[in-house]
Amino acid sequence: MMRRWQLAHGRHLDLGARAVVMGILNVTPNSFSDGGRFDTTQNAIRQAHRMVEEGAAIVDVGGESTGPKAAPISAKEEQARALPVIEALVEWGKALVSIDTYREETARLAVAAGAHIVNDVWGLQREPGIARVAAETGAGLVIMHTGRDRQKLDDPIEDQFVFLKKSLEIARHAGIDDDHIVLDPGFGFAKETAEANVDIMVRFEELHALGFPLMAGTSRKRFIGTITGREAPDRAAGTAATSVILRLKGAQLFRVHDVAINVDALAMADAMLARDSQMARH
Numbered sequence: 477m478m479r480r481w482q483l484a485h486g487r488h489l490d491l492g493a494r495a496v497v498m499g500i501l502n503v504t505p506n507s508f509s510d511g512g513r514f515d516t517t518q519n520a521i522r523q524a525h526r527m528v529e530e531g532a533a534i535v536d537v538g539g540e541s542t543g544p545k546a547a548p549i550s551a552k553e554e555q556a557r558a559l560p561v562i563e564a565l566v567e568w569g570k571a572l573v574s575i576d577t578y579r580e581e582t583a584r585l586a587v588a589a590g591a592h593i594v595n596d597v598w599g600l601q602r603e604p605g606i607a608r609v610a611a612e613t614g615a616g617l618v619i620m621h622t623g624r625d626r627q628k629l630d631d632p633i634e635d636q637f638v639f640l641k642k643s644l645e646i647a648r649h650a651g652i653d654d655d656h657i658v659l660d661p662g663f664g665f666a667k668e669t670a671e672a673n674v675d676i677m678v679r680f681e682e683l684h685a686l687g688f689p690l691m692a693g694t695s696r697k698r699f700i701g702t703i704t705g706r707e708a709p710d711r712a713a714g715t716a717a718t719s720v721i722l723r724l725k726g727a728q729l730f731r732v733h734d735v736a737i738n739v740d741a742l743a744m745a746d747a748m749l750a751r752d753s754q755m756a757r758h
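Heads up, my numbering is the position in the sequence shown plus 476, with the first residue counted as 1.
No lab work stands behind these hints: they were computed from the structure.
Hints are supplied without guarantee of correctness; some may be wrong.
[Said to hold, decoys possible] Straight line, CA to CA, 27 Å or less: simulated DSSO-like cross-link-like pairs of lysine-lysine:
no., residue 1, residue 2
1, K628, K641
2, K570, K641
3, K628, K725
[Said to hold, decoys possible] Label pairs and their in silico Cβ distance ranges:
no., residue 1, residue 2, range
4, P548, D740, 34 to 44 Å
5, K570, V678, 21 to 31 Å
6, A551, M755, 47 to 57 Å
7, P548, A756, 45 to 55 Å
8, H525, P709, 18 to 28 Å
9, A670, G486, 36 to 46 Å
10, A556, D752, 46 to 56 Å
11, G705, D740, 16 to 26 Å
12, D740, H525, 15 to 25 Å
13, G726, A666, 17 to 27 Å
Note that beta-carbon positions come from the ideal geometry of N, C-alpha and C, so glycine has one too.
Please build the complete structure, drawing on both the sequences and the hints.
Right, dumping it as structure tokens:
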């Protein structure tokens with residue numbers, strides 16, 4: 477199904493025919509798999525250029541680690557890390573730019589600096605005012621499911637529906653149009669076992685009942701390491717395998733560290749899907 481994702485600053489992204497890759501750019505010293513590699517503006521911009529050259533359509537800039545053991549930082553510190561990178565990427569102009577934040581103030585400043593998308597790993601439920609930012613600026617919005625700091629339901633898909641429906645109520649109350657929203661099931665966020673994450677993969681198609689495009693963020697996650705025996709920097713192939721599986725189950729966006737291998741893997745999945753659709757018409 478083709479969907480047009482409306483973004484800030486008059487931009488949009490067509491979703492459906494081809495998988496879209498979002499490159500992860502952690503401008504932090506302590507992210508779980510690449511902390512410290514890109515925590516200067518110069519190194520971050522160099523990495524962003526590399527990801528775009530490899531096929532990323534979006535660069536997702538994060539100034540605070542979202543790992544479960546990461547120490548919290550202030551909004552000012554988050555902004556000092558992320559905003560100069562966003563400004564430089566917007567000036568460069570060769571990719572859409574996303575801000576990975578749950579903070580209303582950081583989101584507002586990032587979109588004012590030119591970011592097109594707000595990616596909230598707390599699904600609008602940590603700082604609901606972030607929904608007002610998306611509504612007022614017309615930003616694209618990624619609403620992610622998390623099981624952190626709350627009682628989860630035993631059924632993983634039922635828990636997805638309960639949490640995400642609450643997030644969508646917040647979005648609608650703020651006045652966000654549906655065509656600005658993408659949903660993310662939040663692989664690894666309080667899905668503690670490999671089985672819990674694989675169960676979501678197995679049942680991923682059930683999430684289409686929510687009626688929104690879906691993003692997959694499996695990149696280098698612990699469950700891939702549990703299954704493959706690989707440490708985080710060596711999970712690119714495992715990540716690409718999950719990307720293909722989830723593409724075949726209808727995911728449209730893929731948030732990854734290792735862009736090239738995922739772009740190639742998804743190109744193969746897209747070729748198969750296109751051929752399957754063509755054959756079905758004859």
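We went through each hint and held it up to the structure:
1. K628 with K641: Distance ~14 Å between K628 and K641 Cα, so the pair holds.
2. K570 with K641: Answer violated: K570 to K641 is near 34 Å, above 27 Å.
3. K628 with K725: Holds. K628 to K725 sits at ~24 Å (cutoff 27 Å).
4. P548 with D740: 34 to 44 Å: 37 Å, holds
5. K570 with V678: 21 to 31 Å: 37 Å, violated
6. A551 with M755: 47 to 57 Å: Since A551 and M755 have Cβ atoms about 52 Å apart, the given range 47 to 57 Å holds.
7. P548 with A756: 45 to 55 Å: At 50 Å between Cβs, range holds.
8. H525 with P709: 18 to 28 Å: 20 Å, holds
9. A670 with G486: 36 to 46 Å: Cβ of A670 to Cβ of G486: about 42 Å, so the range 36 to 46 Å holds.
10. A556 with D752: 46 to 56 Å: With a Cβ separation near 48 Å, A556 and D752 satisfy 46 to 56 Å, so the hint holds.
11. G705 with D740: 16 to 26 Å: Once the Cβ atoms are compared, 23 Å apart, the range 16 to 26 Å for D740 and G705 holds.
12. D740 with H525: 15 to 25 Å: 19 Å, holds
13. G726 with A666: 17 to 27 Å: Roughly 24 Å apart at Cβ, these two residues keep to the hinted range, so it holds.
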